[in-house]
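2 protein chains.
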Amino acid sequence: MPWSFDYLIVGAGFAGMTIAERLVSTKGARVLIVERRNHIGGNAHDHYDDAGVLIHRYGPHYFRTNAPRIRAYLSKFTDWTPVDYTIKSFTRDRYWNFPVNLNTFEQLIGRPATSGEFVDWLEQNKVSIENPRNSEEIILSQVGHELYELFFKGYTLKQWKRHPRDLDASVCGRIPIRTNRDDRYLKEEFQALPSAGYHRIFERMAQAMGENVKILLNTDYREVLPHVQFDHMVYTGPIDAYFDFAHGKLPYRSLRFEFESFEGKDLADRESVSGKPGFWQPAMQVNYPDESVPWTRIVEIKHATGQQCLPTTIVREFPEDFGAGKEPYYPVPNAESAAVYKKYKEMADALPNVSFIGRLATYRYYNMDQVVGMALAEADKLQSREI
Amino acid sequence: MPWSFDYLIVGAGFAGMTIAERLVSTKGARVLIVERRNHIGGNAHDHYDDAGVLIHRYGPHYFRTNAPRIRAYLSKFTDWTPVDYTIKSFTRDRYWNFPVNLNTFEQLIGRPATSGEFVDWLEQNKVSIENPRNSEEIILSQVGHELYELFFKGYTLKQWKRHPRDLDASVCGRIPIRTNRDDRYLKEEFQALPSAGYHRIFERMAQAMGENVKILLNTDYREVLPHVQFDHMVYTGPIDAYFDFAHGKLPYRSLRFEFESFEGKDLADRESVSGKPGFWQPAMQVNYPDESVPWTRIVEIKHATGQQCLPTTIVREFPEDFGAGKEPYYPVPNAESAAVYKKYKEMADALPNVSFIGRLATYRYYNMDQVVGMALAEADKLQSREI
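Protein chains in written order, with our numbering: chain V, 1 to 387; chain R, 1 to 387.
Here chain V stands alone, though its shape is the one from the complex (with noise of 0.2 Å):
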């Protein structure tokens, strides 16, 4: 006898764990949540590390949002710490302000100035271009070929390894360029953490689903399909793989973390550089736009979840290829990737009985807030649906 659900979800990360959550606490579904990894929360999911040092494992996750509903829905699952997220880049063997504000304006002329003057500087120097095309263009036409340069391109080849001509003007355009001092890495209203980590929030959508969800880990979702029955599948992973690869693979960039751990004299030793006891480097995240250093950067989340605790522990990141064994972390956004998901998205399309939500199965960089947003929206059309 064929086990039934309601709903089959592919993959337990912040669009799958969403939708679950409402379908069931709304609606009293019977879901059936089928993950690849041996734990819930996806990319999201962080940890204690061996040092005791509460660290996000797949690369740094800062929530912020503008959006009230998404706020209230998580907030039902979650205090928040506050926080301003802050980086640095380091080139010039020296921590530079970033992203671009007049802070690193006076960094670069070595010596305070106005918003004038900055302002005048970046009219001076920035490359008229009507209607930027890529991400080289964007920047060119907002800073100039210096910053550009600067903090902007070695950054893109390395972690794109592709000229940032080659790619969608989006992809730099996303960092803001200030002529104040706001130091701000993000722009929206809520910026904040999860006080007790990201996964206690999964933890909680668990509980509060109860005997309705089964969950279940280490599980390629196709070796289920077999031996269970569901009216509704909702697919959270790559688009592409879905469909096998009818259409080739899209492509992604990948990332290889190297984490590290202090503690003791060698952490004290780095108070000098970092300004503060407990810490490493002066800043949550540093950029290393130089293409001499293999990492891209290096984030020490224990600035921004403010756990107080004595070691500290960095986590180097090295862009890879995308590949077998290598995890898909950013869908790259270019045309000719356009043009391929497109495809997919018409065979996505033609599915009435799956919906596609989250980064992987849209081939989109969403934030968390959007891809909670996508499935709180997702949730309320499958709802307001006769089952």
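A portion of the hints provided could be inaccurate.
Pairs involving identical chains hold if they fit within one copy or between any two copies, as the list cannot separate such chains.
As the list claims (entries may be wrong) - Cross-link-like lysine-lysine pairs, in silico, BS3-like; alpha carbons within 30 Å at most:
1) 276 to 265
2) 326 to 276
3) 27 to 326
4) 126 to 187
5) 326 to 161
6) 326 to 76
7) 27 to 76
8) 276 to 249
Keep in mind the hints are simulated off the structure, nothing from the lab.
For this one, chain V is given, so just place chain R on it according to the hints.
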């Protein structure tokens, strides 16, 4: 088409995970683990609480063993932090060294003493009982009335809601009595906690098994039975539940845990009691034998984990009757329950395709190392069969 496996394993605690790991890693068996809770690890599951303190969620788990094989096996999944588990008892408005030893005796008489004096005192005070048949008799025969009343009687009444004379001698008899200054709670050669927590052991076991094991959380195994096929079941749940309570319910004692976290000034103010910064009480575990106090003990596991964090968390344990919605923590070791268990054991022995393993399935208060040992032995036995 039913989903088929070599083994269905019910429960993802030490028993189930160890057997699964052995069967998968040595025989390449295909295993489905079904777990009622939303996490693996059973009662040994530890996690970081909202204050960032590593806690034992289901009561303290003091790992110790004399068995090289068990230690070697678990060492594949963890490093160890050696611990001298020390506890105290709080009564007559002060902390006492415990288990009873020469230090305790000095506290009792209010002046320094020798082992010889304590031996003499015990000779004069202990009650001559040829073959102690219950927990009252065993303690009276070892230390006499005063120490029995002070440390054992009230504690046992609260914990078991039974008079010590209605409990097997083994219950109180397992606590050592020493005439030297050895303060250690436990006797085993190897006493240590997994350096990164118990949860990391279970995560690494799951990783080691890879895709040969599927882990189904939030699920009562009975829901799965109609939909899967398997050659053999390993059952680690309560044995009476397996047989639908055919011979009545086996008695258990349950517990309610009240966690409380401290930091900042509130915690600093406790230094005069705990004797060191960052701690709330002077030992990992403090027993409260007085019947007027509703909890039996307060555990501050940070003493043992060695976690380097500023906050701390204590947990008070309130004994409770077992019933719906409660966890069956302690089998009640007395003649009555042994007679009932014997009937279930006969039924279990008649089922060649089901193994009953672990505390709940054998109705015995085994330590973790004993459970792992039992699981390793059963895995050996199962592997030697032809499947």
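Hint check:
{"no.": "1", "hint": "276 to 265", "result": "both (14 Å within a copy, 22 Å between copies)"}
{"no.": "2", "hint": "326 to 276", "result": "neither (36 Å within a copy, 47 Å between copies)"}
{"no.": "3", "hint": "27 to 326", "result": "between (37 Å within a copy, 28 Å between copies)"}
{"no.": "4", "hint": "126 to 187", "result": "within (23 Å within a copy, 75 Å between copies)"}
{"no.": "5", "hint": "326 to 161", "result": "within (16 Å within a copy, 56 Å between copies)"}
{"no.": "6", "hint": "326 to 76", "result": "between (34 Å within a copy, 25 Å between copies)"}
{"no.": "7", "hint": "27 to 76", "result": "within (18 Å within a copy, 45 Å between copies)"}
{"no.": "8", "hint": "276 to 249", "result": "neither (46 Å within a copy, 59 Å between copies)"}
Of the numbered hints given earlier, the model fails hints 2 and 8; all others are met.
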